[in-house]
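Could you build all of it, start to finish, from the sequences and the hints given here?
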Amino acid sequence: MDKSLIKLKVEERTIDESAKPLLERTLEEGIETAWDRLEKQQPQCGFGQLGLCCNRCSMGPCRIDPFEKDGPKRGVCGADADLIVARNLLDDLVTGAAAHSDHGREVVETLLMTAEGKSQGYEILDKEKLYTVAKEIGITTEGRNDTDIAKDIALSFLEEYGTIKNSIDLSKRAPEPTQDKWAKAGILPRSVDREIVEAMHRIHMGVGADYANILLHGLRASLSDGWGGSMMATEVSDILFGTPEIKESWVNLGTLKEDMVNIVLHGHNPVLSEMVVKAVKEQEMVDLAKQKGAKGINLVGMCCTGNELLMRRGIPIAGNLLNQELALATGAVDVMIIDYQCIFPSITQVASCFHTKIVSTSEKSKVPGAVHMEFHPETAYDTAKNIVKLAIETYEQRNPDRVKIPAKPVKMMAGFSVEAIKKALGGTFQPLIDAIANGSIKGAVGMVGCNNPKIKQDYGHVTLGKELIKRNILVVETGCAAIASGKAGLLLPEAADLAGDGLKSVCHALGIPPVLHMGSCVDCSRILVLAAELAKALNVGIDQLPLAGAAPEWYSQKAVSIASYFVASGVYTVLGLPPKIFGSKNVIDLLTSGLNDVVGATYAVEPGPVAAADLIEKHIDSKRKDLGI
Amino acid sequence: MKNVFIDLEKCIGCRHCEVACAIEHSSGKELFSMYFEVPRPQPRISVKLGVDLMTFPNKCQHCDPAPCMEVCPVNAIFRDVKTDTVQVQEERCISCGMCAMVCPYGAIQYQVRPNLPNEVAYKCDSCISRLENGKEPACVEACVTNALVFGEYNEIIAEKQRGISLNLTREIQGYKEEEMPENIKAFRALQRKVAQLGPLPSSQNKINVNEKIKGASKRWISH
Ligand code: SF4
Ligand code: SF4
Ligand code: SF4
Ligand code: SF4
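Chains as they are written, first to last, in the UniProt record's numbering: chain P, 1 to 629; chain F, 1 to 223.
Simulated from the structure, these hints should not be mistaken for laboratory data.
Fair warning: there could be bad hints in the mix.
[Claimed, not checked] Here chain P is said to cover these stretches of chain F; the calculated rule only asks that three of the stretch's residues, wherever they fall, bring their Cβ under 8 Å from a Cβ of chain P:
#: 1; region: 164 to 175
#: 2; region: 196 to 204
[Claimed, not checked] Part of the chain P face toward chain F, derived, beta carbon under 10 Å:
#: 3; residue: K9
#: 4; residue: W35
#: 5; residue: D65
#: 6; residue: L158
#: 7; residue: G162
#: 8; residue: G608
#: 9; residue: L627
[As the list claims (entries may be wrong)] Only pairs whose alpha carbons sit at most 30 Å apart, straight line, appear in this in silico DSS-like list of lysine-lysine:
#: 10; chain 1: P; residue 1: K73; chain 2: F; residue 2: K2
#: 11; chain 1: P; residue 1: K69; chain 2: P; residue 2: K247
#: 12; chain 1: P; residue 1: K73; chain 2: F; residue 2: K185
#: 13; chain 1: F; residue 1: K185; chain 2: P; residue 2: K618
#: 14; chain 1: P; residue 1: K135; chain 2: P; residue 2: K404
#: 15; chain 1: F; residue 1: K29; chain 2: P; residue 2: K40
#: 16; chain 1: P; residue 1: K585; chain 2: F; residue 2: K160
#: 17; chain 1: P; residue 1: K3; chain 2: F; residue 2: K48
#: 18; chain 1: F; residue 1: K48; chain 2: P; residue 2: K69
#: 19; chain 1: P; residue 1: K585; chain 2: F; residue 2: K176
#: 20; chain 1: F; residue 1: K48; chain 2: P; residue 2: K7
#: 21; chain 1: P; residue 1: K423; chain 2: P; residue 2: K411
#: 22; chain 1: P; residue 1: K422; chain 2: P; residue 2: K504
#: 23; chain 1: F; residue 1: K160; chain 2: P; residue 2: K73
Positions of the beta carbon are idealized from the N, C-alpha and C atoms, including for glycine.
Following this line, the structure appears as structure tokens:
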């Protein structure tokens with residue numbers, strides 16, 4: 001391919017400077033990436049994009065003519081466009097909720113095994129959180145030792161997945177007016193697994209034909225994720241590994257090091273990766289690395305496993321979703337450890353162009369071409385050490401001539417858990433509430449979600465983020481969105497200079513960035529807790545706050561669940577890519593306006609970042625007006 | 001003149017037409033067996049991405065006079081009088097590429113056929129055996145949105161003209177009836193924006209890398 005064309009292509013694909021030289025390499029060497037695959041997938045089927053294709057049963061697959069003229073208006077079973085779109089959306093949503101919640105369950109199980117003394121290498125690091133959570137869910141702490149309390153928490157949380165309790169404890173964290181809305185709409189979440197299983201039941205042929213009823217269940221299932229599965233993942237990870245505190249670190253592909261053994265931790269679950277962090281510190285490992293000629297072992301994160309480690313340990317992070325293949329294309333990665341979610345099935349193919357080994361660790365998530373070293377809490381530390389050893393051995397096979405590490409890493413700040421934010425504010429949320437009340441901060445936006453190659457990498461996140469802070473709107477972020485902002489330098493206190501005067505002065509006074517990194521995608525639950533805290537302080541429901549959500553570059557089913565629990569919790573949420581609902585006018589109407597009467601918030605779709613900022617500002621202004629501030 | 005009329009606005013890129021075409025030109029005429037045929041039957045209609053995520057189903061339009069037919073040095077291309085379609089006599093083809101060069105639609109490609117030594121010209125044959133049995137072409141039958149309509153051109157156009165007259169006069173009378181459902185219009189508008197923000201071809205971006213790379217330029221589009 002012509003050099004100038006490669007340059008143009010690269011510019012169309014990303015704004016991440018550290019990604020550009022590597023994208024160039026993949027194009028020059030014919031290493032296939034997600035962008036190439038997107039191109040090869042064109043054109044993509046319109047029925048699928050509109051949500052009008054139903055492939056549920058074997059009378060089908062069926063599709064509905066979107067032009068309402070002469071083509072079919074119902075599937076073989078009689079389902080119309082509204083029903084097919086609603087069932088498809090519910091399917092996507094609970095796939096996402098299941099992913100978050102199943103991850104949560106594994107963390108809770110690790111807590112249980114730790115409490116029972118059956119796990120290897122784990123301990124209860126955050127006793128304060130242990131007690132807080134115990135109190136919240138009615139577990140006595142007095143005169144009991146930590147492991148007993150931990151065991152009770154774990155068992156009680158595992159029950160949140162079951163069907164006996166019929167309510168989710170942590171959802172009581174929501175302010176009362178919000179809970180009342182849920183009760184009135186009949187969407188109080190009952191249990192994590194129950195809502196997901198019931199959703200699978202409901203999308204079977206012939207279980208209900210009312211699209212609105214199906215979508216309402218979607219909201220309930222999403223609540224069982226946000227205030228259930230995801231929140232348990234966050235809280236129990238905090239108990240085991242510590243609640244994040246504000247810290248500095250580095251981000252982008254430049255965090256990989258030429259003269260060190262490079263291990264990339266990719267995926268979502270911190271349970272194994274925390275052990276890897278421990279293992280690389282062992283003198284035995286460091287010595288072994290040096291013996292092989294490396295200066296040491298360099299551990300970096302990728303996607304949300306990376307976010308977990310960054311938040312708690314300050315481990316540098318190499319990038320977000322679309323960086324995973326490019327990290328491998330540096331030729332400098334010795335081992336990439338994967339757990340699950342958002343791992344491109346193609347990574348072993350990219351790795352095979354170099355000496356790199358992919359190590360899969362979850363029984364659920366095997367990838368052809370990967371070395372499988374299965375992780376279990378009982379043997380976690382041994383497994384971690386074995387993987388690190390493998391990385392050191394693999395380092396020996398690295399071809400220095402093939403190593404291409406771009407750019408220098410960018411400095412960033414992370415660790416803004418709700419607790420850390422409160423501490424930064426001086427131990428109470430009052431200063432933030434005052435700043436919102438006096439208008440120096442207009443409101444806040446939870447910006448979350450992924451990369452999607454259909455949109456130039458990071459462009460959506462960064463442009464919308466800048467646009468919002470300019471308008472004195474504080475941005476809190478998780479997931480790939482936060483990593484994007486990190487790469488663009490927005491997670492630094494200096495970035496406050498890009499903010500409007502009000503937000504700028506608040507940031508300067510507190511020494512914080514205008515965009516706060518709150519964690520991984522399960523940590524969107526932290527955003528819910530923050531919103532609940534603010535609402536309770538003002539004695540209102542979450543829907544009355546000057547808040548919004550945004551997912552400018554989302555791709556995953558998990559993002560559908562997040563957007564849904566934001567909306568169900570009362571947070572107006574703007575999506576940057578159209579969800580697969582445009583085949584049904586009724587579904588669009590319900591989601592973009594009808595829901596206002598049910599949960600006090602709606603979804604919106606707006607790809608243009610500036611236009612999205614306009615929508616959000618307008619929403620925030622109207623909420624401020626209603627609050628009389 | 002009977003032919004396939006393409007209603008561009010209704011094509012949503014599902015590629016059912018491509019699959020149906022390949023099945024029709026397989027020996028088993030059935031999806032599952034088709035996958036085991038060697039060489040695997042190829043579609044003779046091709047749906048490609050345009051700007052703003054719009055798509056165009058492209059195929060031989062059975063021109064008259066047909067440039068391909070006129071240039072073929074060995075008379076391998078002929079007009080079937082009964083169906084008024086342009087057909088390739090594969091055994092005669094010498095793979096010279098002339099027809100492909102002159103076809104204004106790029107509708108001719110080359111493929112290996114059973115029992116022939118060379119890669120020969122293949123293109124839409126308007127499903128001639130179906131036509132002879134009074135059926136419409138496979139792609140038309142497969143197209144759920146009716147982006148492909150088979151019929152007497154003048155009749156299809158007369159129908160279209162009636163629609164246009166109704167719409168225009170309605171509009172003048174202040175009563176506008178949208179041809180396109182609202183939700184689809186909203187979707188198309190979003191697609192236009194998405195194309196602008198990423199690597200897929202957009203009508204708004206000045207430098208269109210994909211067009212350049214694929215070698216598709218105005219030359220091919222503007223005739
Ligand atoms: S469930 Fe109904 S619409 Fe879906 S494939 Fe079966 S028959 Fe078709
Ligand atoms: S079947 Fe119809 S809608 Fe689908 S790609 Fe072909 S022409 Fe377009
Ligand atoms: S192959 Fe091309 S030139 Fe020949 S009849 Fe078809 S469209 Fe016309
Ligand atoms: S390629 Fe075959 S059909 Fe086409 S002009 Fe040459 S000989 Fe004729």
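Now the hints, each set against the structure:
Judged by the Cβ-Cβ criterion of 8 Å, the region 164 to 175 of chain F is not covered by chain P as claimed, because only 0 of its residues qualify and three are needed. Proximity of the region 196 to 204 of chain F to chain P, defined as three or more residues with a beta carbon under 8 Å from a beta carbon of that chain, is established by the 5 residues found. The restraint placing K9/P at the interface with chain F holds, with a minimum CB-CB distance near 5 Å, inside the 10 Å limit. Taking 10 Å as the C-beta contact cut-off toward chain F, the hint placing W35/P at the interface holds, the least distance being around 6 Å.
This hint holds: D65/P has a C-beta 5 Å from the nearest C-beta of chain F, less than the 10 Å allowed. Of the supplied interface hints, the one on L158/P is violated, with its beta-carbon coming no nearer than about 42 Å to a beta-carbon of chain F, more than 10 Å. Interface hint status for G162/P: violated, as the beta-carbon distance to the closest one in chain F is roughly 40 Å, over 10 Å. At about 5 Å, the closest approach between the beta carbon of G608/P and any beta carbon in chain F falls short of 10 Å, and the interface hint on this residue holds.
Checking L627/P against chain F: minimum C-beta separation of about 31 Å lies over 10 Å; hint violated. The hinted pair formed by K73/P and K2/F meets the criterion: a straight-line CA distance of about 28 Å does not exceed 30 Å. For the hint linking K69/P to K247/P, the alpha-carbon distance of about 59 Å lies beyond 30 Å, and the restraint is violated. A hinted pair counts as satisfied when its Cα atoms are at most 30 Å apart, and K73/P with K185/F qualifies at roughly 18 Å.
With a C-alpha separation of about 24 Å, the suggested pair K185/F and K618/P falls inside the 30 Å cut-off, and the hint holds. Distance check on the hinted pair: K135/P and K404/P sit about 52 Å apart at the alpha-carbon level, beyond 30 Å; violated. A C-alpha spacing of about 27 Å is found between K29/F and K40/P, which places the hinted pair at or below 30 Å, so the restraint holds. Among the hinted pairs, K585/P with K160/F is consistent with the structure: their alpha-carbon atoms are about 26 Å apart, no more than 30 Å.
Using a Cα cut-off of 30 Å, the hinted pair K3/P and K48/F holds, with the two alpha carbons roughly 25 Å apart. Between the alpha carbons of K48/F and K69/P the distance comes to roughly 24 Å, so the proposed pair stays at or under 30 Å and holds. Between the alpha carbons of K585/P and K176/F the distance comes to roughly 19 Å, so the proposed pair stays at or under 30 Å and holds. For a cut-off of 30 Å, the pair hint linking K48/F to K7/P stands: about 24 Å separates their Cα positions.
Distance hint between K423/P and K411/P is fulfilled; the C-alpha atoms sit about 22 Å from each other, no more than 30 Å. For the given pair, K422/P sits about 19 Å from K504/P by alpha-carbon distance, which is consistent with the 30 Å threshold. At most 30 Å may separate the alpha-carbon atoms for a hinted pair to count; K160/F and K73/P meet this at roughly 23 Å.
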